[in-house]
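K.L.:
Based on these hints, arrange chain B on the given structure of chain A.
2 protein chains.
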Amino acid sequence: MSNPTEQGYFTEENSAEVVVSRNAKAKDARLAEVMSSIIKHLHAMVKEVEPTQEEWLEAIKFLTETGHKSDDWRQEFILLSDVLGVSMLVDAINNRKPSGASESTVLGPFHVPDAPDRPMGSNICLDGKGEKMLVKGRILDVDGNPIAGAKIDVWQTNDDGFYDVQQKGIQPDFNLRGVFRTGDDGTYWFWGAKPRFYPIPDDGPVGRLLGQLGRHPFRPAHLHYIVEADGYERLVTHIFDPDDDYIHSDAVFGVKESLMAKFEKIEDPGRIVAEGVDGPFYEVIHDFVLAPEK
Amino acid sequence: MSNPTEQGYFTEENSAEVVVSRNAKAKDARLAEVMSSIIKHLHAMVKEVEPTQEEWLEAIKFLTETGHKSDDWRQEFILLSDVLGVSMLVDAINNRKPSGASESTVLGPFHVPDAPDRPMGSNICLDGKGEKMLVKGRILDVDGNPIAGAKIDVWQTNDDGFYDVQQKGIQPDFNLRGVFRTGDDGTYWFWGAKPRFYPIPDDGPVGRLLGQLGRHPFRPAHLHYIVEADGYERLVTHIFDPDDDYIHSDAVFGVKESLMAKFEKIEDPGRIVAEGVDGPFYEVIHDFVLAPEK
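Chains as they are written, first to last, in this note's numbering: chain A, 1 to 294; chain B, 1 to 294.
Honestly, the hints are just simulated from the structure, not real lab data. Hints may be right or wrong, so weigh each one.
Heads up, the list lumps identical chains together, so a pair's fine if it works in one copy or across two of them.
[As the list claims (entries may be wrong)] Under the rule of at most 30 Å between Cα atoms (straight-line distance), these lysine-lysine pairs were calculated in the BS3-like manner:
1. Lys-294 x Lys-97
2. Lys-132 x Lys-265
3. Lys-61 x Lys-256
4. Lys-25 x Lys-168
Since this is a predicted model, take the numbers as computed values, not measurements.
Excised from the complex, chain A in its bound form (with noise of 0.2 Å):
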């Protein structure tokens, strides 16, 4: 027969206490000590929410149905995650940079990894639909040095705020997707279309939770880079247009000062000659500083 716990039995007051110390023989530590902390949070919010019956188990058909809506093609507890601010507190603890390094946001789940490579300049917008969007600027050490041979992947929602990959047989394949090496001077630059606002999937539990906090389903319009270069931290970030209407209000928190760009509207006939394109068109400069590989 087995002794008691040091605990003993399960009471209201010792609650996470009791069920902790069942974890002596975990086979892991590192298990047993997120164990833990979930415990004691757990219960902690229990404590103070005092659920009713009822209640908990609307918890359990909400956490049941958004595990029904997940398959391969959606995930709807990343959803959960994303709108509660635990992906973007993961990224955050998960890439924290030295002063002066640019900073990081979600990944998001539109990024594929076999994107082509494109001679710098290159136009990304394959559909020719929106506003032309020149796009420039360099990747730099925190010393302000050119990075020469940097491997930078972008990717971003058409002209209608979708990814090429939502609407495959409509889009072209790879549509506003590219991978684009730094020469010696560490400088950047390719065409695409200004981009949209788009919603994150909402037709799910996550969405209807949403809808029940006076919560939108938006994501303000953005850029996604993936920066890479030997030597130094691999850079997952986006910039944002700050003039968006969901700028404050980023359904997935992926928002930070630091990645505001500048959407520039350029109307000068100079300007338009010299690019060679065939009427106003936006501008976004943005350098990115990468930090140095621990």
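P.N.:
Below, chain B without anything else, positioned relative to chain A:
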């Protein structure tokens, strides 16, 4: 264009406050209160644990699998709530009893609402398996007066450790279930089979988690009761065998000190003859005290 929240943009430091501030327009004050608590404790847990991106994805996958394992017949999220002690905590919060009243414990998934009424003294063991057990006691108010007309709904596993509903077609219908009503003296008595410990369903993600935590899936032997009477609070509880191997490590934390019963083996030939049985039997004497209705 919307205004920035008072908290400004999301940072690692202010993460929970920024997310909570978004619920300012929630349609339901209780939902906003609950989500505020969930968000604060979830963020505090993440800041304490500092999960890697890979660990967070493991958590997402675990929750997804827990959802996928759940259907009309299996509720893996309730099982998760059970093994983390949350079901018992919610039970404790919702069933605070006045001094002297019997304590509650979890209902569990195996109650059926339509068990047959049986005359006092019936044998509810229809499959003839196991060791004979006589259960008896009184239903009392907090002043020690007997309660007449109390309804006592009991259920238990058979000697193989299964409830009838887990073995439809193998066990007789309503095996080891019955509903009894007390007379003026408040006493009850019936025959059953000595209950056995049994495992909770452990072939899913929750069972795997228990294994990784070095925990077994067993519940110590017990009898389930729901006791109801007009003018009194409904009591949902068990009584436990204190000599069970798992009495100090119930997988779902249902055991309370006050719910111990004595399972006494009666070998006295006089008693055997008096009870009209063919050999030794177990006797369990346990009174229940109902709290007055609030």
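K.L.:
Now tell me if each hint is right for this structure.
P.N.:
Results for each hint:
1. Only within a single protomer do Lys-294 and Lys-97 lie at most 30 Å apart by alpha-carbon distance; the minimum there is 11 Å, versus 58 Å between protomers.
2. Proximity of Lys-132 and Lys-265 under a CA criterion of 30 Å is satisfied intra-copy only: 10 Å inside one chain copy versus 88 Å between copies.
3. Within a single copy, Lys-61 and Lys-256 get their C-alpha atoms only as close as 34 Å, which misses the 30 Å cut-off; across copies the closest is 28 Å, which meets it.
4. Proximity of Lys-25 to Lys-168 under the C-alpha cut-off of 30 Å is found in neither arrangement, the shortest distances being 50 Å within a copy and 37 Å between copies.
The structure does not agree with numbered hint 4 stated previously, though it agrees with all others.
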